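Just so you know, the protein sequences line up as chains A and B, in that order. Anchor point for the first sequence: position 36 equals 36 in this note's numbering, and the numbering is continuous, going up by one each time. Anchor point for the second sequence: position 678 equals 678 in this note's numbering, and the numbering is continuous, going up by one each time.
Since the hints were derived computationally from the structure, they do not count as laboratory data. Be aware that a few hints might be false.
To be verified - Now the stretches of chain B that chain A is said to cover, found in silico as 3 or more residues with beta-carbon under 8 Å:
#1 32-42
#2 242-249
#3 691-705
Stated by the list, open to error - Beyond 12 Å from chain B on every Cβ pair, some chain A residues (computed):
#4 I6
#5 A15
#6 R30
#7 H39
#8 D43
#9 A72
#10 E119
#11 S126
#12 L136
#13 V143
#14 N144
#15 G158
Since the structure is predicted, the reported quantities are computational estimates derived from the model, not experimental observations. For each residue, glycine too, the CB sits at the ideal point set by N, CA and C.
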Amino acid sequence: MAKTLIELTINGEQAEALVESRTLLIHFLREQMNLTGAHIGCDTGHCGACTVEIDGMSVKSCMTFAVQAAGAQITTIEGIAGADGTLSAVQEGFRMMHGLQCGYCTPGMILRAHRLLLENPAPTESEIRYGIAGNLCRCTGYVNIVKAIQYAAAKINGTPFQEAAE
Amino acid sequence: MSDITMPNVAAIERSRHGSSIGQPVTRREGHLKVTGQAGYAADYNPPGLLHAVMAVSGISRGRVTHLDVAAAEAHPGVVKVMTPANAPKLAKSPDDKDHGFMFRMNVLQNDSVRFANQPIAVVIAETLEAATEGVALLRPRYAEEPARIGLDGSAAFALQAVGAGAPAKGGIGDIEAGLAEAATRFEATYETPAQYHNPLEPHATVAEWDGDKLVLHTPSQGLTMAQGRIAGLFGIDPANILIKSPFLGGGFGAKGLFSGPQVLGIMAARFVGRPVKLVLRREQMFGPVGHRGETRQTLRLGADSTGGLTALEHNTLTTTSFYDDFFEPAGTTSRHLYASPAIATSHEGVRADIGTPIFMRAPGEAPGSAALECAIDELAVKAGMDPLDFRLRNYAEIEPITGKPFSSKALRQCYAQGAARFGWASRPRAPRQMRDDDGLLVGWGVGTATFPAMIFPSEARAVLRVDGSARVEIGAQDMGQGAWTSLAQIAADGLGVDYDKLDLEIGSSALPTGGIAGGSAGTATAGSAIHHAAADVIKKLAALATSDERSPLFGAGNSGVVPRDGRLVRQDDESRGESYASILARAGLAEIDGKGSAGPNPSMQESYAMHSHGAVFAEVKVDPDFGQIRVTRLVGAFAAGRIINPRMVRSQYYGGMIWGVGFALHEHAAADPRSGRLMNANLAEYHVPVNADVPLIEAILVEEHDPHVNVLGLKGVGEIGITGTVGAIANAVWHATGVRARAFPITLDTLLERPGDI
Ligand code: FES
Ligand code: FES
């Protein structure tokens with residue numbers, strides 16, 4: 001299989017790689033770049049476990065060829081925290097509000113929520129639910145995922161967040 | 001019951017003193033999971049790794065007559081194609097079973113096809129892409145035989161045992177007499193479809209052989225069972241097999257028994273003499289790794305003029321494969337839940353050309369309580385009673401078919417707290433009485449939740465170090481439920497050390513056997529062994545201190561001291577004690593270790609019926625024109641003994657209730673009756689609830705003390721949430737529309753099938 005040289009930026013770092021034109025972005029990231037935080041749950045674009053960012057958009061990386069990402073800025077879960085390791089507001093929300101169980105959907109959820117809050121910094125509960133409807137979670141019942149995103153929104157906006165009484 | 005030895009409740013309560021248990025601490029592994037650093041099996045990329053992809057059968061019965069191996073092997077990057085013609089022969093037939101907790105499997109030992117999506121070859125290549133292309137080039141040809149599919153696809157037959165070995169039949173009293181004397185009778189048949197676990201992480205193996213030694217990364221809910229299964233199939237010593245499974249991306253039963261595809265990954269690595277990664281594609285999760293079998297359940301019930309049950313009959317027909325036996329124990333629920341002088345439950349099986357079903361979250365109780373809770377509701381309405389009052393009228397004070405007392409049962413409080421929170425009292429009795437502002441029909445329903453409290457054999461090791469830190473080792477598994485956290489809480493309290501000073505090691509077969517993360521018994525199983533291992537350490541430490549006249553504890557006697565915050569203190573005077581560090585230092589010890597084990601207690605099982613209970617209340621809204629159904633509110637109140645971590649437990653209930661939503665309204669694996677192939681083997685068309693489907697959910701933790709069930713007094717919470725919820729939703733749909741749906745999932749066409757009803 002002929003390979004193409006692509007240049008792209010992954011989590012702020014320049015990268016160059018030879019990829020086959022049939023290689024999916026998710027497989028490129030996981031197998032070639034050893035960035036295994038994004039997961040594969042369905043191979044068909046329905047679960048969102050493979051969500052990453054390409055040029056400021058949430059993208060299901062199982063639906064994208066690696067060659068399509070040539071020249072792009074890619075962010076994965078590995079690049080969401082601060083340079084010093086400080087968790088992003090969304091990561092902190094998932095951690096503190098227990099927005100996860102098995103954690104398999106979590107990187108995709110966090111990447112999608114991250115973009116959702118940039119698009120809409122103060123979403124209503126329903127906007128959150130519809131905003132991440134393309135990300136499946138088989139474990140949590142989504143309750144705490146919504147809370148995690150509300151927590152992150154509050155933190156970003158500097159507004160108070162009160163965990164609903166449990 | 002007076003001849004049994006009562007446990008020393010005071011002693012148990014004392015041993016439960018602690019500062020970690022009961023705290024809603026967040027997950028220990030949370031940081032790893034939110035940063036993408038938690039390593040699941042498929043995330044492991046050892047040097048020299050090859051990729052394997054399974055080719056699976058496009059027919060459901062017959063033989064593979066041709067595979068174009070040459071074309072696949074000619075594809076650049078393909079290393080080898082493993083087929084029945086060249087696959088390594090196993091040391092024993094994969095169809096031999098030493099015990100019931102084993103899957104018969106299809107691992108290229110012959111060319112037969114027993115179900116659609118059965119593995120028929122494995123292509124191994126330098127890259128995943130090459131292996132995938134190699135599979136496409138195989139172009140299999142088959143000698144196909146007619147598929148036998150569904151509950152009517154072959155002849156039903158009688159069963160001896162169902163589920164994990166429960167008797168297929170069970171009951172008390174005379175059903176016909178009970179029905180004859182009833183003032184109100186009700187009979188109906190309910191159907192539940194095949195459902196697939198679909199943990200978000202597909203099964204994956206990364207296998208590395210070194211001579212006769214195997215290192216395996218794969219998700220497992222039962223490491224010791226998996227190790228034994230592999231040892232038998234490959235004819236090697238279990239001690240030569242190391243399985244690493246620190247994080248599972250969900251299991252729900254699909255990762256309980258070691259499955260064929262996992263074996264194929266190991267075979268492939270041996271076949272090519274290099275490390276091999278084999279990951280299932282989502283559609284391959286529909287077949288070789290188990291599912292919940294279809295059921296058809298017929299219930300006949302009778303009630304007297306006061307609403308008291310006079311008869312409860314629950315007969316189940318359920319599918320299994322043609323090559324193995326697992327039968328969904330749907331009727332067992334009716335043996336435990338309601339008081340009736342006559343109860344009869346039975347199961348029959350029917351074989352189909354499908355992969356073998358297996359335990360799936362709340363096996364038995366999920367489909368069984370779905371049907372039972374609908375039938376009870378229908379009878380209540382027929383008898384002119386409020387459905388909740390009717391359930392209370394038939395409250396089982398003792399386990400109906402055994403006469404045993406319950407080890408604990410706070411179901412009344414569950415009904416009361418759930419109903420109060422939901423606002424049940426204002427519910428109109430008749431259907432179609434409520435509308436919301438948009439004109440949608442609103443309905444409210446209730447269902448009782450129940451799941452047995454079990455425990456499996458397990459062992460643990462605990463170590464206390466002179467620097468005040470501690471370590472606990474057990475081969476338990478965290479499939480997402482929170483074992484990393486809750487087991488550490490149990491360990492910290494057992495050892496009397498700070499939670500943060502406790503290292504926990506789980507998820508490896510090299511550790512003492514941690515039993516099974518299944519049957520809602522994971523925490524009871526591993527936690528009890530940890531509790532005993534910790535007690536063993538404390539006992540040894542106490543022996544050192546109380547026999548040493550330089551210790552302030554000298555003479556206190558072994559049982560007169562208890563662990564508290566890194567110290568042993570006198571039980572009669574907690575101000576007098578000595579730190580672990582000083583006891584160990586004086587004895588010249590760097591550390592001290594202990595062992596513990598746990599397992600079922602036959603005398604307790606003889607004496608008590610042990611179940612978790614709960615009550616679920618559901619609100620649905622139905623579009624009167626289109627029949628579209630939405631669950632808008634769920635309140636579940638559950639009593640499951642002691643709660644180790646309310647945050648984790650509540651999350652289990654939420655997740656369980658969502659599974660109830662999926663069961664009631666979405667999940668349905670649809671087979672083409674002509675070919676036997678599933679028509680929706682993917683996450684696009686096999687529907688599970690998405691975020692936008694999810695209602696407001698509340699989970700109430702009802703206090704319950706159980707001195708009998710196990711040393712920790714906990715009953716397990718992983719599965720009960722799905723039970724009760726399904727019935728509550730179906731009953732709410734009736735209350736909204738007046739239509740009784742008797743086949744799951746309930747979809748809009750169910751309601752529209754009867755024009756004029758909506
Ligand atoms: S793996 Fe990409 S959406 Fe599921
Ligand atoms: S936490 Fe398991 S899939 Fe979301």
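Going through the hints against the structure:
Counting residues of the segment 32-42 of chain B whose beta-carbon sits less than 8 Å from any beta-carbon of chain A gives 10, enough to reach three: the coverage restraint holds. Here's how the segment 242-249 of chain B fares: 3 of its residues keep a CB closer than 8 Å to some CB of chain A, so the rule of at least three is met and the hint holds. Coverage of the segment 691-705 of chain B by chain A holds [criterion: at least 3 residues with CB-CB distance below 8 Å; count 4]. The beta carbon of I6/A sits about 15 Å from the closest Cβ of chain B, which is more than 12 Å, so the claim that it is off the interface holds.
Even its closest Cβ contact with chain B, about 17 Å, leaves A15/A beyond 12 Å, as expected for a residue assigned away from the interface. At roughly 7 Å, the least C-beta separation between R30/A and chain B is not larger than 12 Å, which violates its mark as non-interface. Interface exclusion of H39/A from chain B breaks down, the closest Cβ pair being 7 Å apart, not more than 12 Å. The beta carbon of D43/A is not kept farther than 12 Å from every beta carbon of chain B, the shortest such distance being approximately 5 Å.
The Cβ of A72/A sits about 19 Å from the closest Cβ of chain B, beyond the 12 Å cut-off, so the non-interface label holds. With a closest Cβ-Cβ approach of about 16 Å to chain B, E119/A is found to remain outside the 12 Å limit, as its non-interface label requires. Against the 12 Å criterion, S126/A falls within the reach of chain B, whose nearest CB is about 8 Å from its own CB. With 12 Å as the threshold on Cβ separation, the claim that L136/A sits away from chain B is violated: the shortest Cβ distance comes to roughly 6 Å.
Look at V143/A: its CB is around 5 Å from the nearest CB on chain B, not clear of 12 Å, so calling it non-interface is violated. Under the 12 Å C-beta cut-off, the non-interface status given to N144/A relative to chain B is violated; the minimum distance is some 6 Å. Against chain B, the non-interface label of G158/A holds: every CB pair exceeds 12 Å, the least being about 21 Å.
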